[in-house]
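Hey, can you work out the whole structure from these sequences and the hints?
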Amino acid sequence: QSDGETIFLHGPDRGVTESFTFPRQSTGEGLCLADFVAPRATGLIDYVALFAVSCGDGVRDLAERWKAEGRFLDSHILQALAIEGAEAFAELLHRR
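In my numbering, the protein residues as written are 18 to 113.
Treat each hint with caution, since some may be false.
[To be verified] Label-pair restraints from in silico Cβ distances:
#, residue 1, residue 2, range
1, L61, F37, 16 to 24 angstroms
2, G28, E86, 38 to 46 angstroms
3, D78, A58, 38 to 46 angstroms
4, T34, L98, 26 to 34 angstroms
5, R88, E46, 46 to 54 angstroms
6, V70, L50, 14 to 22 angstroms
7, I100, E35, 20 to 28 angstroms
8, E22, A107, 21 to 29 angstroms
9, A69, G32, 15 to 23 angstroms
10, R82, G47, 41 to 49 angstroms
Note that these hints are calculated values from the structure, not bench results.
Treat the numbers as computed from the prediction; the structure is a model and nothing was measured.
Note that the Cβ used here is the ideal one computed from N, Cα and C, for glycine as well.
What follows is the structure, encoded as C-alpha cells:
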C-alpha cells in the first residue's frame, strides 16, 4: 500500500514490515513510484517485486576497520568497488 510518497510493505500477518519513501519528479507530472501502488485509503493490498544485490558480507566492517587504521584510500576504494559491483550485478540481473 502507499500513502503520499511512501510505499508500505506488509508481512504475512498483514502488519507493516518495512516502508520506503521515494522522491517525486521535479519536472513533468511530479510522479513518484508510490503513485503506482494501491493507496492505503482503498484498503486494497497491492504487490511489488523487489530484488537486492550485494558484494558480500563484511565489506562495511572491513572498510570501517581500514578507516580506523588510517587506511583512508583503501577504505574508500573498497567501498567504491562494492557499490559499483553491486550496481553492475543488479544491471546484469535486470537484463536477463
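Okay, the hints, checked on the actual structure:
Distance hint check: the CB atoms of L61 and F37 are about 18 angstroms apart, consistent with the given range 16 to 24 angstroms. At about 40 angstroms, the CB distance of G28 to E86 agrees with the hint of 38 to 46 angstroms. The hinted range of 38 to 46 angstroms is satisfied by D78 and A58, whose Cβ atoms lie roughly 43 angstroms apart. About 31 angstroms separates the C-beta atoms of T34 and L98, a value consistent with the hinted range of 26 to 34 angstroms.
R88 and E46 have their C-beta atoms about 47 angstroms apart, which keeps the hinted 46 to 54 angstroms range intact. Separated by about 19 angstroms at the C-beta atoms, V70 and L50 satisfy the suggested range of 14 to 22 angstroms. Remark: the range hint 20 to 28 angstroms for I100 to E35 is upheld by a beta-carbon distance near 21 angstroms. Evaluation of the 21 to 29 angstroms hint for E22 and A107 yields a pass: the beta carbon distance comes to about 23 angstroms.
With their beta carbons about 21 angstroms apart, A69 and G32 fall inside the hinted range of 15 to 23 angstroms. For the hinted restraint 41 to 49 angstroms between R82 and G47, the CB-CB distance of approximately 43 angstroms keeps it satisfied.
Of the numbered hints listed earlier, not one is contradicted by the structure.
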